[in-house]
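Trainee: Residue-level listing of the chains:
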Amino acid sequence: MDHRRKRNAEGAGPLAQAGEVSRRAMVAGTVAMTAVAAVLPLADTAYAENAEGPDADMMAFLLLSEALTGVSRQTLAPELVENKNEILSSDPGIDPINIKNAYFAWINANDATSSFGKLLQLAKDNRQSLGDIIPKVNGSAEDIKFLARSIVLLWYLGSWYKPDDLKRKVASPKVVSPKAYTQGLVWQIAGAHPMGYSNLQFGYWSRDPRDPNRPALFDPAKT
Amino acid sequence: MADTCITCDVAIVGSGFAGSLIANQLSKKGIKVVILEAGPGIQPNINDAMARFYAASAKVPESPYPPDLADDPATVRVGRPTALTLSQSTWQNTSVAYLDQNTDDPNRKTRPFKSTYERLAGGTSHWMGLTPRLVPNDFQMKKTYGAGQPDFPFLDWPISYDTVSPWYEKAEAELGVSADADEQRFAGITFSTPNYAYPMPRIPPSLFDQRVGKAVAQLTEAETQFLGTAAPVTGLRVRSLPAARNSQPYRNRRACAGNTSCIPICPIQAKYDATITLNEATNNGVQLIDHAVASELLVENGSISGINYIKYDEKSGSRVDCAIKAKVYVVAANGIETPRLLLMSRNQIATGIANSSDMVGRNLMDHPQYLTWGLLPDPVFPYRGPLVTSAIGDLCDGAFRSQRAAFRISLGNEAWSATVGGTGGDPQTTTLDFINGLNASGLNKKDFTQLADNSALFGVDLTKTLGGLISRQFRIAFAVEQSPDPDNRVTLSSVKDALNLPRPRIAYDISDYTKRGIATAFRMKELIFSKLGAIDFTKVAETDPGKFNVDGIEVPLTYGGAGHIMGTYRMGDDPKTSVVNSWLQSHDHPNLYLVGSGTFPSVGTANPTLTLSALALRTTDKIVDVLPSYQ
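If you're matching them up, the sequences are chains G and X in order.
Numbered per my numbering, the first sequence spans residues 16 to 238.
Numbered per my numbering, the second sequence spans residues 530 to 1160.
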């Protein structure tokens, strides 16, 4: 599994020593962590506390992200346990890296146009037909469309490109955190790894990529 | 003179490669050594540096290291040049750029000196880790190629390859070099020890190295005539490059895991840096005084009698003026900071210390890099492995050197990370292009994607497009020999740093000889790209302050910095034309040694660290010999 490799690398890597939460601490502190890790409902979604479950917004975020990034939700949330009857009632899980929670919180805090809730709603409405999400996002208001681009850039590069900057075709990206940089998806999509962050072994560069970290891609046409 | 704070046998200014090696060797002999380091000391680990690097928006070579990239250099006590201060709008702006690159001389064209360095314990740890040797003719350019040319700009070294060769072997052991000796026997390279083996086997070639190797294995005489070699070139060999990167565990450091960030920092220290030797030295009893800026060398009866330095506190900003007294003094502060210190000592001697030849600060050289990049017909999966694993070195010497500069061709594994414009280089630039419908990379065009120009993609279209394009990117760089020019010069600026010391002022240009080398590199690029079936994306920005035109080539050419700062206190037998002798001992002051690549009279095309390390080890032996004669 992808996440196993990543977890090992993280545990052994410099960031772990620099104060990242270790797997052991994570398990021991699960009860305490839940309150922090759980995603707070958004003010303008109608789904805050209904039958879809406490993680409905996070699940909507994962479905939205899967559709827009083209990377499977199981890669985005390695500990995801799906509820086959109602995807929004699934348990998104807590993994040692938990980048999805960091991104959700970041987007929520930096969504200057209150578009995030609308994107989540769009994902919820289309949870049975994920292939419709891209055309619907492209057909949405500018604020929503450019936030969607910011979200994909966040997943791909670990950097925040403000929607307004994207609209104006300028760039002053901010790396969200050291961890976000190391979780950028574009590297693995290209068969590589973030520069300065690899868990491969001596000599691998002489051969075609057989990188266990390569993400499972998502293609709605094939599901 | 300030109060003497400390006395020792040997005082060393600077704890980079040369300073650390000398300190460590001397300490093994029980000699009392003190190092003055201008910047921060050795950190307990590299975690902070890694975190800074990961979090940096612009992952430039300086990004993991202090001080902060955005600081005004007038407010920084120990400044340094950075890659962010080389654009048209910044390179001559001294409130942004540490180096003052302005000129008062209306007759002199000045171009940006594009190399950077660090000032902290361990010196420039952002080096690439490549350790090729100079070749024999690099030591005797004038003798071999200058016949009948009275204005031939090169000065021969006072020592030959054969003199340096055994010291190369010692340096290769200290740094931990991986290479294959048989593969390195070209352009006259021999080894002093029979059946010499490098400390570790070579680093294996990347997929791109292998691809280029096949593409250039067979060439025709007509295709390579432009090179001007004595014998026709009918094929070229891609050779693994010697590198101070472990190919197996060596001296308690692990093997390279191909993190693809030799520059700016190896996350596992499989790449040698001087902190490794420096730690050994301090364990042996060497005293490293950090946050201690040497400000003046003192002279008494023709000898150096002390060094004034400023000991400052990073947080409070307080400073104490001190002096150190020793028997022998070594300045190991790089090709810009060393002449700066010598010239700052003008209260002692009006022309500066060690400068009776007027050569201190002159003949500043780099290896101007002609950087090219393109797209292959199918993937070679770059952004993997060490940044550079192989090169075409065989064109570094030949009869053409009487007319034009030689070059080595380095094959990059980091593709477009330092080539395309935009924020952060690639893959960031290309990714942004395809998500936001832009084309800064040049790749978002129907020709390459079969999609509409400036497509903005999501989902499977995005993964397929980016995966397909980024895996085909490559870059090739030509490191060109720069000829010495006394007008390329380090002097003192009227602008100061936060310690009120004058910052370095730089005057720099590249000669026609070097430009002809770059022009030939351009033609070589055309040949290699056509053999690879590659699409050329090489572009010189309109705003590049270094760009120039050459007759017969339609596009403008330019150069980048290699980080190789050389020539500014050159060695020679004649005190009238050189600053130090072959022992790197000052002609003027017998107890003063000036070490580092500033001593190179000419620079060939080999990365300088191995050579300066070999020379430093040779100097150490000399110091051990002469030390008993000083009381």
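Read the hints as simulated data drawn from the structure, not as lab findings.
Do not rely on the hints blindly, as some may be mistaken.
[To be verified] So the derived list for chain G, only partly shown, Cβ under 7 Å to chain X, looks like this:
id: 1; residue: 103
id: 2; residue: 145
id: 3; residue: 172
id: 4; residue: 201
id: 5; residue: 204
id: 6; residue: 218
id: 7; residue: 221
Don't be surprised by glycine CBs; every beta carbon is placed ideally from N, CA and C.
Trainee: All hints are to be evaluated individually against the structure, with a verdict given for each.
Mentor: To see whether the hints hold, each was checked on the structure:
no. : hint : result
1   : 103  : 21 Å, violated
2   : 145  : 9 Å, violated
3   : 172  : 6 Å, holds
4   : 201  : 5 Å, holds
5   : 204  : 5 Å, holds
6   : 218  : 5 Å, holds
7   : 221  : 4 Å, holds
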